[in-house]
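Peer 1: Sequence:
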Amino acid sequence: MQSSIERTVSGVRCTNDDLKPVLVALATDQPLDVRYRDHDLSGDWAG
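With our numbering applied, the sequence shown corresponds to residues 1 to 47, in that order.
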């Protein structure tokens, strides 16, 4: 998980402002927003 977070944070797709609500929700056992929930993988990751 740590490498996934580092890859996301180092990319253009995510800023600290985007990541903070997710981390707060996880740390306080709150449900994640729909866009952050588990989803089917696509492309090279599918299967």
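In case anyone wonders, no lab produced these hints; they're calculated from the structure. These figures come from a predicted structure and were not determined experimentally. Mixed in with the good hints there might be a few duds.
[What the hints assert, rightly or not] Just the calculated beta-carbon pair ranges, DEER-fashion: (1) K20 to G47: 25 to 35 Å; (2) R7 to A46: 31 to 41 Å; (3) M1 to P31: 32 to 42 Å; (4) D44 to E6: 26 to 36 Å; (5) A27 to S3: 14 to 24 Å; (6) G47 to D17: 15 to 25 Å.
For each residue, glycine too, the CB sits at the ideal point set by N, CA and C.
Peer 1: The structure should be examined with respect to each hint, and the outcome stated for every one.
Peer 2: Verification of the hints:
no.	hint	in the structure
1	K20 to G47: 25 to 35 Å	holds (33 Å)
2	R7 to A46: 31 to 41 Å	violated (19 Å)
3	M1 to P31: 32 to 42 Å	violated (19 Å)
4	D44 to E6: 26 to 36 Å	violated (20 Å)
5	A27 to S3: 14 to 24 Å	holds (20 Å)
6	G47 to D17: 15 to 25 Å	violated (34 Å)
Comparing the model with each numbered hint stated earlier shows that hints 2, 3, 4 and 6 do not hold.
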